[in-house]
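One-letter residues, chain by chain:
There are 2 protein chains.
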Amino acid sequence: MTPENDSPETGPDELARHAVKMAKKKAARDKIMAGKSGEKGLIIVHTGSGKGKSSAGFGMILRCIAHQMPCAVVQFIKGAWDTGERRLLTTHFGDLCQFHAMGEGFTWETQDRERDIAAAVAGWEKAKELIRDPEIRLVLLDEINIALRYGYLDVEEVLAFLRDERPERTHVVLTGRNAAEALIEAADLVTEMGQVKHPFRAGIKGQPGVEF
Amino acid sequence: MTPENDSPETGPDELARHAVKMAKKKAARDKIMAGKSGEKGLIIVHTGSGKGKSSAGFGMILRCIAHQMPCAVVQFIKGAWDTGERRLLTTHFGDLCQFHAMGEGFTWETQDRERDIAAAVAGWEKAKELIRDPEIRLVLLDEINIALRYGYLDVEEVLAFLRDERPERTHVVLTGRNAAEALIEAADLVTEMGQVKHPFRAGIKGQPGVEF
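Protein chains in written order, with UniProt numbering: chain A, 1 to 212; chain B, 1 to 212.
Hints in this document: simulated from the structure, not taken from any laboratory. Worth double-checking, as some hints may not be accurate.
What the hints assert, rightly or not - What follows is a list of derived Cβ distance ranges for each label pair: (1) B:Arg132 - A:Asp164: 16 to 24 Å; (2) B:Asp164 - A:Asp133: 23 to 31 Å; (3) A:Ala122 - B:Glu165: 44 to 52 Å; (4) B:Thr91 - A:Pro134: 52 to 60 Å; (5) A:Glu165 - B:Glu156: 48 to 56 Å.
Claimed, not checked - Here are the simulated SDA-like cross-link-like pairs (lysine to any residue), alpha carbons at most 25 Å apart as the crow flies: (6) B:Lys24 - A:Ala101; (7) B:Lys197 - A:Ala101; (8) A:Lys197 - B:Glu165; (9) B:Lys24 - A:Gly206; (10) B:Lys126 - B:Thr91; (11) A:Lys197 - B:Lys24; (12) B:Lys40 - A:Lys24; (13) A:Lys126 - A:Asp154; (14) B:Lys197 - A:Arg163; (15) A:Lys24 - B:Pro208; (16) B:Lys197 - A:Pro167; (17) A:Lys197 - B:Glu181; (18) A:Lys197 - B:Arg177; (19) A:Lys24 - B:Ala101.
Predicted, not measured: the structure shown is a model, and the values here were computed from it. Ideal Cβ positions, reconstructed from N, Cα and C, are used throughout, including at glycine.
All chains, full assembly: derive it from the sequences and hints.
Here it is in structure tokens:
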């Protein structure tokens with residue numbers, strides 16, 4: 001324990017010392033970061049059976065908006081409860097964030113495979129258009145993993161597009177459980193959201209702010 | 001394949017059939033949900049060494065705002081790069097979402113344990129005030145798990161408060177790696193964000209929209 005640490009932070013001396021310390025800390029951190037090779041668009045995957053895959057994607061959208069970075073969302077599977085964020089984002093940040101809901105409803109069981117495929121393909125066409133636009137810095141492909149898993153979209157085609165046609169600085173976030181092995185292989189950043197506990201099991205229903 | 005599935009969805013008949021089908025689907029889903037026991041404030045934990053713990057928390061904040069549900073954030077560990085969301089949320093949604101940054105900077109190494117403890121305790125005092133307010137429906141305690149892990153806060157005291165003084169409908173989200181066993185035990189919903197791949201390992205530095 002140094003005397004510096006004991007003193008209350010009220011006087012100008014203490015504030016100055018604190019500023020010096022913080023500056024040193026920042027310099028150390030900047031040095032670490034300078035060793036990294038710089039900005040590069042990432043392929044980011046949120047998968048696993050736990051919660052938070054889409055929420056974390058929307059959290060990244062919020063960060064982009066905070067940084068005035070144009071971004072976009074394509075929802076491949078639209079549940080009836082997904083309208084809240086959409087309304088909020090388009091109302092407040094429509095100039096920075098595009099929002100396209102392409103799914104026709106959550107595919108609990110494949111009631112109409114052809115329609116699901118058509119919706120997935122339309123979503124992917126829109127996604128390609130958004131990704132090609134170099135102004136858009138992050139594109140969230142929400143629940144696309146479901147469409148890939150069911151074979152509605154071809155994973156090799158998607159990966160080839162991301163590799164060959166994605167602008168250098170564009171991040172693409174792909175969410176949904178059961179991410180394809182080839183996608184995980186190709187991705188730069190993969191998080192597996194594992195379910196440790198879920199309240200549905202305890203008889204609690206989905207609630208606003210948590211599930212939708 | 002039924003004839004219904006083959007027909008293009010343009011005419012009024014097809015639209016009507018589609019509406020009936022969707023209504024049936026919704027009724028089935030509503031029936032499932034009616035079996036659940038109703039609204040209840042949840043203790044939600046995002047832990048694990050992967051990314052997305054805080055982002056998913058902020059995604060839930062976005063959902064609350066979308067539902068006009070008052071909510072609040074207490075950041076226990078404030079990195080210099082966490083200011084984007086704060087500015088955005090307070091500027092646009094200050095009437096619905098309170099934001100309190102209590103940490104003094106990310107504790108890479110404990111340079112000043114007493115100051116860290118003081119900041120954690122101040123954060124927890126603010127958190128208690130916010131949780132006690134029945135108007136606030138969700139409180140995000142961002143990175144509190146770090147403060148609990150380091151012993152800056154007493155986990156039993158935190159759990160006792162959440163059990164005894166939290167209003168019935170209030171959700172509390174606790175994020176950060178290494179969540180205490182007792183917290184996981186007490187929680188209703190726990191997601192473990194596992195790191196499968198991280199671009200820092202490949203020499204890519206933190207980038208706006210992704211890391212901050």
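Practice prompt. Against the earlier hints, flag every one the structure doesn't satisfy and list their numbers going up.
Written response: 1, 2, 4, 7, 11 and 12
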